[in-house]
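Those protein sequence lines, which keep their order, are chains A and B. At position 191 of the first sequence (counting the first as 1) the number is 191 in our numbering, and the numbers step up by one without a gap. At position 68 of the second sequence (counting the first as 1) the number is 68 in our numbering, and the numbers step up by one without a gap.
Don't take every hint at face value.
Since the list can't tell identical chains apart, any single copy or any two copies may satisfy a pair.
[Claimed, not checked] Only pairs whose alpha carbons sit at most 20 Å apart, straight line, appear in this in silico EDC-like list of lysine to aspartate or glutamate:
id, residue 1, residue 2
1, K147, E14
2, K192, E252
3, K147, E329
4, K62, E136
5, K287, E297
6, K330, E208
7, K323, D205
8, K323, E45
9, K17, E184
10, K147, E229
11, K323, D74
12, K62, E195
13, K106, D127
14, K330, D11
Rather than coming from a laboratory, the hints here were simulated on the basis of the structure.
Protein chains: 2
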Amino acid sequence: MTLKFVKGESDNLELAKGRAAFVLVIGNTKTANIEGITVAGANPELIKYTPPADAELLYHGKCLSIDGVPATPDGKPTPALITYTALRLTSIPLFVVNSGLMVPPKIPYIDLNAPVGENIAESRAMDREKVEEVLERAKIVGRQLSKLSDVLIIGESIPAGTTTAAAVLKALGLNAAVSSSMPENPVELKRKVVERAVERVESNDPIEVLSAVGDPVMVGVAGIALGSEKPVILAGGTQMVAIANLIARMGEVEAVIATTKYVASDATADLSLSPFPVIASDPMLGKSRYPGLRAYEEGFVKEGVGAGGMTSVAYARGITPEKFLEEVEKDYERIVL
Amino acid sequence: MTLKFVKGESDNLELAKGRAAFVLVIGNTKTANIEGITVAGANPELIKYTPPADAELLYHGKCLSIDGVPATPDGKPTPALITYTALRLTSIPLFVVNSGLMVPPKIPYIDLNAPVGENIAESRAMDREKVEEVLERAKIVGRQLSKLSDVLIIGESIPAGTTTAAAVLKALGLNAAVSSSMPENPVELKRKVVERAVERVESNDPIEVLSAVGDPVMVGVAGIALGSEKPVILAGGTQMVAIANLIARMGEVEAVIATTKYVASDATADLSLSPFPVIASDPMLGKSRYPGLRAYEEGFVKEGVGAGGMTSVAYARGITPEKFLEEVEKDYERIVL
């Protein structure tokens, strides 16, 4: 199956046949500085450039802040490639939201003036006051964009985001294993970081959890979803499950999570914890002639930059999986090879 | 007449009955530091806060960066009040674009990473390379927003913007008198500044003119209009006439200028120089019980922050002038008094 609900059901994807906007929320957490916690970047220095470079790729078909494209140390390319193809095929407009970046992208972006997230292994992630302020700003963005749209599709890019997601889920009392961009998920390392982080959480109030163990991208995504006057598609895997649980405790949002089948078939990614329906799409990369793309099927990278959500939207709009793979490969050839 | 074409005709206003977005482009030019050139601020120190404060007012019904609201030294309030009422009545979404601000607003905004404009009496306004870069970024913004809209309404806020507008028109060989936020337009002072500025212009190429004697808000507005895939309403007076002449030399845009009748009936504001049709609306402030609002009819302030354009859109959507004045007065009472 190329597109199926793995939890519940929702019509939100149908709405994406009308006027839809894709909102990419990007930021950084210093949690990514912990050695071995993330492969969202070819080396530690490059990791901080991954979110802005992903965003640049979506607008320009190439990165402006780095040479080449974001990749894992062993060369698996960013899922932004898949999102790029989906945006190109659907002509859905893109809005980039800077929610706590270390380095701003060389493209226009909506600035929430969010702080970079602190390393949750060492300290609380963000000032509570700042979190509340960014949340209000993000709500404004969600409200304005939703007035022009039938549905908002919200994606993310933040290295080490699955670690902060695990911490948020645990702090909310949801005992989740958490997915990763590596097939050999560094479970033990993450578990230790999460354990230490969660000790700092003083209550299960969602703002407290965000401030103590979250990251700025979660604040941006949550605010945009909460501010939206229309349904939203949370485009992502376990990070969106964590954000969804925060959102569900903060207000009424008609949401669905849309991710890749690579996340859905990962035993360490517990999508059943989502308070909203979850749909998974197969971007067909397992059938690719290119090893760099086939790697997704083998458990590398798997999701990010809204790839699963935008694949779902492309399919909902009638693009066949075969055509989609063909176009992803074309872009891969032009952009990466 | 509360709404009439003063030049040509256009259906763009009709489009604003559908999905419309209001884009407020704000920035600063150091030209505003010339003593006596602008009254867009109660004192010289406050002038730089006028654009961010205007934008904050539109979202929150109050300013966050200053006490009270932007006003002239003798207390005439910002035209953002009129735009605020129009946005409130029409529910049209607002997007704020930072195109060269000295101080960013305390609200979410789209950042074009534009430079603050230099004082055109003393030097060239902006690096040409930077202008081209900002123009490209602004085109992206226009393209994305226009995909969700039937028409883009673009307004501006930049103190001393009528002076840079006069310089641009002169550099393009259009000999215009230029409007001002003062009834006693400091014509002689402006003329001297413009004369000196225009000496630096090396050709009538629009990018050269912008770089030599323009301001960053012009770059943002021009780029958004050029990038738009839908018609645009340039909401403003002589500043939009200058920008319109630049746009018309740079590409194909289906545009109309929408301003207030206070500008249209100002002999120093030559709307006939517009390459696009021009419509003028009467916000009825001459009939207000409040002297601060009646001042507009007497030639103070007259226009800005898209007030004339948004009044036109409100009227096109069926709000009667009487109702509009009533609502403007309500907001004036709540926000200013």
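Do the hints match the structure? See the list:
For the identical chains of this complex, K147 and E14 are neighbours both inside a copy (18 Å) and across copies (19 Å), given an alpha-carbon limit of 20 Å. Neither within a single protomer nor between protomers do K192 and E252 lie at most 20 Å apart by alpha-carbon distance, with minima of 33 Å and 59 Å respectively. For the identical chains of this complex, K147 and E329 are neighbours neither inside a copy (35 Å) nor across copies (26 Å), given an alpha-carbon limit of 20 Å. Only between protomers do K62 and E136 lie at most 20 Å apart by alpha-carbon distance; the minimum there is 15 Å, versus 32 Å within a single protomer.
Only within a single protomer do K287 and E297 lie at most 20 Å apart by alpha-carbon distance; the minimum there is 9 Å, versus 70 Å between protomers. In the homo-oligomer, the alpha carbons of K330 and E208 never lie at most 20 Å apart, since the shortest distance is 45 Å inside one protomer and 39 Å across protomers. For the homomeric pair K323 and D205, neither the shortest alpha-carbon distance inside one copy (45 Å) nor that between copies (45 Å) is at most 20 Å. Taking CA atoms no more than 20 Å apart as the test, K323 paired with E45 passes in neither setting, with 36 Å inside one copy and 59 Å between copies.
Taking identical chains as interchangeable, the C-alpha atoms of K17 and E184 are never at most 20 Å apart, the minima being 37 Å within one chain and 55 Å between chains. In this assembly of identical chains, K147 and E229 lie within 20 Å of each other by CA distance both inside one copy and across copies; the values are 7 Å within and 19 Å between. Taking CA atoms no more than 20 Å apart as the test, K323 paired with D74 passes in neither setting, with 28 Å inside one copy and 65 Å between copies. When the C-alpha separation of K62 and E195 is checked against a cutoff of 20 Å, the pair qualifies neither within a copy, at 39 Å, nor between copies, at 44 Å.
In the homo-oligomer, the alpha carbons of K106 and D127 lie at most 20 Å apart only across protomers (17 Å), although the nearest pairing inside one protomer, at 28 Å, exceeds that limit. Taking CA atoms no more than 20 Å apart as the test, K330 paired with D11 passes in neither setting, with 31 Å inside one copy and 41 Å between copies.
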